[in-house]
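Listed here are the chains, written in short residue letters.
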Amino acid sequence: MARLTIPAQELMRSGHSACPGCGATLVMRYLLKGLGERTIVTVPACCWTVIATPFPTTALDVPMLDCAFEATGASISGLRAAADQLGLKDVTIVGFAGDGGTADIGLQALSGMLERRTDGIYLMYDNEAYMNTGVQRSGATPEGAWTTTTPVDEFSRGKLEPKKDIMAIIAAHNPPYAATVNVAFPEDFVKKVEKAKAIHGPRFFHALAPCPPGWRYSSEKTIEVARLATDTNVFPLYEIVDGVYHITRKLGVAKPVREYLQTQGRFSHLDDAEVAKIQAQVDARWKRLLALEGLA
Amino acid sequence: MEEDLPEAPIATTPSDVNHTASWRTFRPVIDLKLCTKCNVCWKFCPDDAIAFDGVGFPVIRLDYCKGCAICAEECKPKAITMVKED
Numbered sequence: 000m001a002r003l004t005i006p007a008q009e010l011m012r013s014g015h016s017a018c019p020g021c022g023a024t025l026v027m028r029y030l031l032k033g034l035g036e037r038t039i040v041t042v043p044a045c046c047w048t049v050i051a052t053p054f055p056t057t058a059l060d061v062p063m064l065d066c067a068f069e070a071t072g073a074s075i076s077g078l079r080a081a082a083d084q085l086g087l088k089d090v091t092i093v094g095f096a097g098d099g100g101t102a103d104i105g106l107q108a109l110s111g112m113l114e115r116r117t118d119g120i121y122l123m124y125d126n127e128a129y130m131n132t133g134v135q136r137s138g139a140t141p142e143g144a145w146t147t148t149t150p151v152d153e154f155s156r157g158k159l160e161p162k163k164d165i166m167a168i169i170a171a172h173n174p175p176y177a178a179t180v181n182v183a184f185p186e187d188f189v190k191k192v193e194k195a196k197a198i199h200g201p202r203f204f205h206a207l208a209p210c211p212p213g214w215r216y217s218s219e220k221t222i223e224v225a226r227l228a229t230d231t232n233v234f235p236l237y238e239i240v241d242g243v244y245h246i247t248r249k250l251g252v253a254k255p256v257r258e259y260l261q262t263q264g265r266f267s268h269l270d271d272a273e274v275a276k277i278q279a280q281v282d283a284r285w286k287r288l289l290a291l292e293g294l295a
Numbered sequence: 000m001e002e003d004l005p006e007a008p009i010a011t012t013p014s015d016v017n018h019t020a021s022w023r024t025f026r027p028v029i030d031l032k033l034c035t036k037c038n039v040c041w042k043f044c045p046d047d048a049i050a051f052d053g054v055g056f057p058v059i060r061l062d063y064c065k066g067c068a069i070c071a072e073e074c075k076p077k078a079i080t081m082v083k084e085d
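Protein chains in written order, with numbering that gives the first Met the number 0: chain A, 0 to 295; chain B, 0 to 85.
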């Protein structure tokens with residue numbers, strides 16, 4: 000048998016109903032590789048309820064509870080309490096929600112779960128819009144991006160507002176562990192999940208999940224687009240352990256943001272000035288992240 | 000313990016009863032002479048549609064491959080070609 004760089008065990012089955020080339024599917028696959036079979040997953044309304052459970056089938060070899068759109072954080076707390084009551088101490092409870100269900104609709108329940116110090120993991124898979132319902136803009140959609148509700152026409156140039164910084168919101172709750180992960184870097188992804196598994200208390204992952212139909216690129220480019228997101232500093236990889244920042248992938252010189260933007264049709268309308276503005280924002284965020292790391 | 004649970008739909012059939020081969024327009028074909036057994040194709044498959052044979056070469060599980068072509072795109076020695084289905 001050849002050498003594998005991530006665990007061989009598959010807890011996500013084939014035959015699920017994700018689109019070809021789906022990034023969110025890889026997020027679930029790597030997450031469960033890191034957590035193992037003693038895991039209970041709870042999922043609100045999002046792509047993954049559709050991917051996993053065309054009734055009566057399930058794509059996961061671990062229990063999965065569907066919860067209401069806004070309730071993922073509360074669902075994690077409830078499952079934890081029930082598991083504790085039943086004496087299931089070795090079980091990891093994980094909420095798996097999209098960016099709309101996390102940064103917009105589920106924010107209150109998430110904040111509550113973090114504040115209660117629930118012993119569980121919350122993962123937001125970020126495809127940067129309400130993809131399940133057909134590409135409507137969310138709080139996590141980046142500035143400039145086309146969506147069906149931020150069209151590109153004579154009246155509009157895509158989304159006007161910047162992307163909500165969910166990691167800053169999480170950091171404000173001071174959890175023992177939070178990290179960004181990216182499907183283009185599975186070894187880093189699984190390593191962080193294994194690390195988080197060994198920690199108790201509320202833990203959070205922000206996972207980049209490229210979406211071929213929603214981001215307007217061809218399905219084979221999912222990994223390339225994801226890799227460019229990190230290598231252009233649009234989506235830096237870092238951890239926050241007890242408030243201490245640590246960047247886990249640093250290039251000597253980051254690639255220009257244009258290289259990332261031009262892979263996707265949702266950014267194809269952007270002119271040079273608009274690209275320069277996004278580059279300046281990315282540079283500023285990166286500088287801030289380096290400064291946060293420097294506080295350690 | 001089930002008695003005190005409210006009645007709710009519970010899905011218990013593993014999803015691999017669903018074959019997704021018909022989603023595919025192009026099929027990955029691996030040239031084993033070029034394959035280095037690096038496993039990158041397996042690692043990045045969103046459909047768990049790549050297994051290994053007895054000596055470690057990847058095998059496409061054609062009942063499940065949706066033809067996304069991530070494997071062909073990421074294969075460094077370019078051992079995978081996408082061939083149009085009939």
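Among these hints, one or two may not hold up.
As the list claims (entries may be wrong) - Lysine-lysine pairs mimicking BS3-like chemistry, simulated, CA-CA at most 30 Å apart:
| hint | chain 1 | residue 1 | chain 2 | residue 2 |
| --- | --- | --- | --- | --- |
| 1 | A | K249 | B | K32 |
| 2 | A | K249 | B | K77 |
| 3 | A | K190 | B | K75 |
| 4 | B | K77 | B | K32 |
| 5 | B | K36 | B | K83 |
| 6 | A | K254 | B | K75 |
| 7 | A | K249 | A | K190 |
| 8 | B | K36 | B | K75 |
| 9 | A | K88 | A | K163 |
| 10 | B | K83 | B | K32 |
| 11 | A | K286 | A | K254 |
| 12 | A | K194 | B | K83 |
| 13 | B | K77 | A | K196 |
| 14 | B | K77 | A | K190 |
| 15 | A | K190 | B | K36 |
| 16 | A | K249 | A | K196 |
| 17 | A | K254 | A | K276 |
| 18 | A | K163 | A | K276 |
| 19 | A | K163 | A | K254 |
| 20 | A | K286 | A | K276 |
| 21 | A | K88 | A | K196 |
| 22 | A | K254 | B | K83 |
| 23 | B | K83 | A | K196 |
| 24 | A | K163 | A | K190 |
| 25 | A | K194 | A | K286 |
| 26 | B | K42 | A | K190 |
| 27 | A | K190 | A | K254 |
| 28 | A | K249 | A | K286 |
| 29 | A | K276 | A | K249 |
| 30 | B | K77 | B | K36 |
| 31 | A | K249 | A | K163 |
| 32 | A | K254 | B | K77 |
| 33 | B | K42 | B | K75 |
| 34 | A | K88 | A | K254 |
| 35 | B | K77 | A | K194 |
| 36 | A | K286 | A | K190 |
| 37 | B | K32 | B | K42 |
| 38 | A | K163 | A | K196 |
| 39 | A | K249 | B | K83 |
| 40 | B | K83 | B | K42 |
Note that these hints are calculated values from the structure, not bench results.
Evaluation of the provided hints:
1. Distance restraint check for K249 of chain A and K32 of chain B: the Cα-Cα separation of roughly 36 Å exceeds the 30 Å cut-off, and the hinted pair is therefore not satisfied.
2. Taking the CA atoms of K249 of chain A and K77 of chain B, the gap is near 28 Å; set against the 30 Å cutoff, the hint holds.
3. A distance of roughly 24 Å separates the Cα atoms of K190 of chain A and K75 of chain B; the hinted pair therefore holds under the 30 Å criterion.
4. A C-alpha spacing of about 11 Å is found between K77 of chain B and K32 of chain B, which places the hinted pair at or below 30 Å, so the restraint holds.
5. A C-alpha spacing of about 24 Å is found between K36 of chain B and K83 of chain B, which places the hinted pair at or below 30 Å, so the restraint holds.
6. With a CA separation close to 21 Å, the supplied pair K254 of chain A and K75 of chain B stays within the 30 Å bound.
7. A distance of roughly 17 Å separates the Cα atoms of K249 of chain A and K190 of chain A; the hinted pair therefore holds under the 30 Å criterion.
8. Note on K36 of chain B and K75 of chain B: the hinted pairing holds, with a Cα-Cα distance of about 11 Å set against a maximum of 30 Å.
9. Simply put, K88 of chain A and K163 of chain A have alpha-carbon atoms about 35 Å apart, too far for the 30 Å limit, and the pair is violated.
10. For the proposed pair K83 of chain B and K32 of chain B, the alpha carbon gap of about 21 Å is at most 30 Å, so the pair holds.
11. Taken as a hint, the K286 of chain A and K254 of chain A pair is honoured in the structure, with Cα atoms around 15 Å apart against an allowance of 30 Å.
12. This hinted pair does not check out: K194 of chain A and K83 of chain B have alpha carbons roughly 43 Å apart, beyond 30 Å.
13. Between the alpha carbons of K77 of chain B and K196 of chain A the distance comes to roughly 37 Å, so the proposed pair goes past 30 Å and is violated.
14. Of the supplied pair hints, the one linking K77 of chain B and K190 of chain A holds, its CA atoms being roughly 28 Å apart against a limit of 30 Å.
15. Pair hint K190 of chain A plus K36 of chain B holds up; C-alpha atoms about 22 Å apart against a cutoff of 30 Å.
16. As the CA atoms of K249 of chain A and K196 of chain A are separated by approximately 25 Å, the hinted pair is consistent with the 30 Å bound.
17. Pair hint K254 of chain A plus K276 of chain A holds up; C-alpha atoms about 16 Å apart against a cutoff of 30 Å.
18. The suggested pairing of K163 of chain A with K276 of chain A holds, with an alpha-carbon distance near 17 Å, which does not exceed 30 Å.
19. With a CA separation close to 23 Å, the supplied pair K163 of chain A and K254 of chain A stays within the 30 Å bound.
20. Annotation: proposed proximity of K286 of chain A to K276 of chain A holds, straight-line Cα distance about 15 Å (limit 30 Å).
21. Restraint check for K88 of chain A and K196 of chain A: the C-alpha separation of about 13 Å stays at or below 30 Å, so the hint holds.
22. Distance restraint check for K254 of chain A and K83 of chain B: the Cα-Cα separation of roughly 35 Å exceeds the 30 Å cut-off, and the hinted pair is therefore not satisfied.
23. In summary, the hint linking K83 of chain B to K196 of chain A is not supported, as the alpha carbons are separated by about 43 Å, beyond the 30 Å threshold.
24. Distance restraint check for K163 of chain A and K190 of chain A: the Cα-Cα separation of roughly 26 Å lies within the 30 Å cut-off, and the hinted pair is therefore satisfied.
25. Under the criterion of a C-alpha separation no larger than 30 Å, the hint pairing K194 of chain A with K286 of chain A is consistent with the structure, at around 26 Å.
26. Annotation: proposed proximity of K42 of chain B to K190 of chain A holds, straight-line Cα distance about 15 Å (limit 30 Å).
27. The hinted pair formed by K190 of chain A and K254 of chain A meets the criterion: a straight-line CA distance of about 25 Å does not exceed 30 Å.
28. Among the hinted pairs, K249 of chain A with K286 of chain A is consistent with the structure: their alpha-carbon atoms are about 12 Å apart, no more than 30 Å.
29. Our distance criterion of 30 Å between C-alpha atoms is met by K276 of chain A and K249 of chain A, whose separation comes to about 22 Å.
30. Note on K77 of chain B and K36 of chain B: the hinted pairing holds, with a Cα-Cα distance of about 12 Å set against a maximum of 30 Å.
31. In summary, the hint linking K249 of chain A to K163 of chain A is supported, as the alpha carbons are separated by about 23 Å, within the 30 Å threshold.
32. Taking the CA atoms of K254 of chain A and K77 of chain B, the gap is near 25 Å; set against the 30 Å cutoff, the hint holds.
33. As the CA atoms of K42 of chain B and K75 of chain B are separated by approximately 13 Å, the hinted pair is consistent with the 30 Å bound.
34. In summary, the hint linking K88 of chain A to K254 of chain A is not supported, as the alpha carbons are separated by about 45 Å, beyond the 30 Å threshold.
35. Restraint check for K77 of chain B and K194 of chain A: the C-alpha separation of about 34 Å exceeds 30 Å, so the hint is violated.
36. Distance restraint check for K286 of chain A and K190 of chain A: the Cα-Cα separation of roughly 26 Å lies within the 30 Å cut-off, and the hinted pair is therefore satisfied.
37. Under the criterion of a C-alpha separation no larger than 30 Å, the hint pairing K32 of chain B with K42 of chain B is consistent with the structure, at around 20 Å.
38. At roughly 27 Å between alpha-carbon atoms, K163 of chain A and K196 of chain A fall within 30 Å of each other, so this suggested pair holds.
39. Only pairs whose Cα atoms come within 30 Å are accepted, and K249 of chain A paired with K83 of chain B is rejected, the gap being roughly 40 Å.
40. For a cut-off of 30 Å, the pair hint linking K83 of chain B to K42 of chain B stands: about 24 Å separates their Cα positions.
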